[in-house]
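Visitor: Could you put the whole structure together from the sequences, leaning on the hints where they help?
Here is what each chain is made of, one letter per residue.
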Amino acid sequence: MKKGAIKTLLVRNVWHENQVLRQILGICSLLAVTNLVSNSLVMGAGLIFSVALSSFTISLLREFIPHRVRMIVQTLIIATWVILFDVILKATMPDISRALGPYVGLIITNCIIMGRAEAFAQMNPPVESFFDGVFAGLGYTIVLVIIAFVRELMGFGTILGYNVNFLELETWTIMVMPPAAFFLVGVMIWIVNNIATRKQAVGGGKNG
Amino acid sequence: MGSAPAISPVVIFLASIFSSNMVLSNFLGMCSFISVSSEYKTASGLGKAVALVMVFTTVINWLIYHYVMIPLGLDYLRYLIFIIVIAATVQIIEMVMDRYLSDLHMKLGIFLPLITVNCAILGISLFMVIRSYGFVQTLLFGFGSGLGWWLAIAALAAIREKMAGNQLPRGLEGPAITFIITGIMALAFVGFSGIFVVM
Chain A
80 MKKGAIKTLL VRNVWHENQV LRQILGICSL LAVTNLVSNS LVMGAGLIFS
130 VALSSFTISL LREFIPHRVR MIVQTLIIAT WVILFDVILK ATMPDISRAL
180 GPYVGLIITN CIIMGRAEAF AQMNPPVESF FDGVFAGLGY TIVLVIIAFV
230 RELMGFGTIL GYNVNFLELE TWTIMVMPPA AFFLVGVMIW IVNNIATRKQ
280 AVGGGKNG
Chain B
17 MGSAPAISPV VIFLASIFSS NMVLSNFLGM CSFISVSSEY KTASGLGKAV
67 ALVMVFTTVI NWLIYHYVMI PLGLDYLRYL IFIIVIAATV QIIEMVMDRY
117 LSDLHMKLGI FLPLITVNCA ILGISLFMVI RSYGFVQTLL FGFGSGLGWW
167 LAIAALAAIR EKMAGNQLPR GLEGPAITFI ITGIMALAFV GFSGIFVVM
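Heads up: the protein sequence lines correspond to chains A and B, in order.
Position in the first sequence counted from 1, then plus 79, gives you the working numbering.
Position in the second sequence counted from 1, then plus 16, gives you the working numbering.
Everything labelled a hint here was simulated from the structure, so no lab data went into it.
Check the hints yourself; a few may be wrong.
Computed spacing ranges between beta-carbons, pair by pair [said to hold, decoys possible]: (1) A/Val206 with B/Ala22: 48 to 58 Å; (2) B/Leu130 with A/Leu140: 53 to 63 Å; (3) B/Pro129 with A/Arg101: 55 to 65 Å; (4) A/Val152 with B/Gly89: 19 to 29 Å; (5) A/Trp251 with B/Asp119: 27 to 37 Å; (6) B/Val112 with A/Val148: 18 to 28 Å; (7) A/Leu140 with B/Asp91: 21 to 31 Å; (8) B/Leu90 with A/Leu248: 43 to 53 Å; (9) B/Ala180 with A/Asn273: 14 to 24 Å.
Heads up, the beta-carbon is just placed ideally off N, CA and C, and yes, glycines get one too.
Guide: What follows is the structure, encoded as structure tokens:
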């Protein structure tokens with residue numbers, strides 16, 4: 080695998096085809112865990128772990144999986160990796176595991192993983208699929224952390240649990256409640272759409 | 017069998033529709049919620065199908081969890097087993113409907129396979145385990161969550177249909193505005209919180 084290919088994959092999966100902002104996939108967990116930066120980082124790590132290894136496994140087995148039952152086989156492969164991550168998380172960080180609740184298990188039904196499996200791992204060699212998964216997960220994690228940063232900063236006045244509210248400003252409780260998550264994601268998609276269309280206009284469509 | 021929390025099943029039922037609505041406060045089933053909500057009729061069809069599958073899968077998962085997985089010590093395999101149960105249930109419901117309720121099947125047909133990967137379905141099964149609900153509580157929890165999901169997607173689709181012709185900034189069209197509408201709906205549903213406490 081060439082170096083250039085990795086870079087192309089990185090740019091494509093993190094920016095041009097960002098799974099969350101461009102494809103609108105994996106939204107459930109995105110909204111649910113972003114009230115704290117630490118939760119988001121763990122969730123992002125979980126997704127990168129699961130999507131990369133699932134893509135790798137699915138790509139490795141792509142010759143052997145019958146086409147008709149591929150969905151269920153893929154789901155089982157994904158579930159196996161997610162169970163592994165869940166067990167590791169429970170053993171090493173029980174507090175965060177409890178805070179994330181069912182959302183770790185819900186990585187199984189995160190559309191990003193299935194999406195990568197269907198769109199990429201199916202017809203590409205394992206190493207490429209692995210990196211494709213890592214970068215797709217990375218794009219997701221970046222969005223997660225940005226939203227969590229805003230929500231935690233405004234909702235609790237802290238970042239990663241450290242108090243940064245030096246001026247003792249009133250915190251916005253609404254930011255840690257569900258509605259703010261929807262607003263922030265909506266606004267973020269709006270901003271990214273605008274940047275993308277402007278780039279297209281300036282670069283004559285060269286940057287897609 | 018773990019002891020069930022002492023919450024009236026009726027309270028769980030109402031809470032799962034309003035104050036802890038699956039979509040608007042637990043963010044489950046967002047993918048189809050966003051993408052299949054541009055038309056009221058289809059959205060409502062999907063909502064009904066989801067509600068139906070939810071009731072069946074939670075009840076079956078509850079029975080399997082308490083009578084098979086716990087006695088055999090297979091708790092750690094619950095994700096895998098729940099997913100298989102959900103996929104199988106969806107398949108069976110589809111077959112039964114095709115045979116006996118072909119009218120309804122024709123209407124819901126395309127949505128049924130989609131439901132397998134709807135995270136709300138797996139989500140409520142996991143919630144039911146985490147909150148260790150009893151059988152009746154589980155039944156009404158599944159039913160209420162389904163109704164709540166249906167209510168939310170039907171309402172969103174109705175709003176989107178109403179404002180389909182409105183002028184919007186270009187970047188805001190499609191998903192972005194849908195999120196903002198959902199945010200406003202969630203804001204309204206926050207008003208229900210505190211009436212029923214289940215968490």
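Visitor: All hints, please: hold or fail.
Guide: So, going through the hints one by one against the coordinates:
| no. | hint | result |
| --- | --- | --- |
| 1 | A/Val206 with B/Ala22: 48 to 58 Å | holds, 54 Å |
| 2 | B/Leu130 with A/Leu140: 53 to 63 Å | violated, 25 Å |
| 3 | B/Pro129 with A/Arg101: 55 to 65 Å | violated, 25 Å |
| 4 | A/Val152 with B/Gly89: 19 to 29 Å | holds, 26 Å |
| 5 | A/Trp251 with B/Asp119: 27 to 37 Å | violated, 50 Å |
| 6 | B/Val112 with A/Val148: 18 to 28 Å | holds, 21 Å |
| 7 | A/Leu140 with B/Asp91: 21 to 31 Å | holds, 28 Å |
| 8 | B/Leu90 with A/Leu248: 43 to 53 Å | holds, 50 Å |
| 9 | B/Ala180 with A/Asn273: 14 to 24 Å | holds, 22 Å |
The structure is inconsistent with the numbered hints 2, 3, 5, although it conforms to all the rest.
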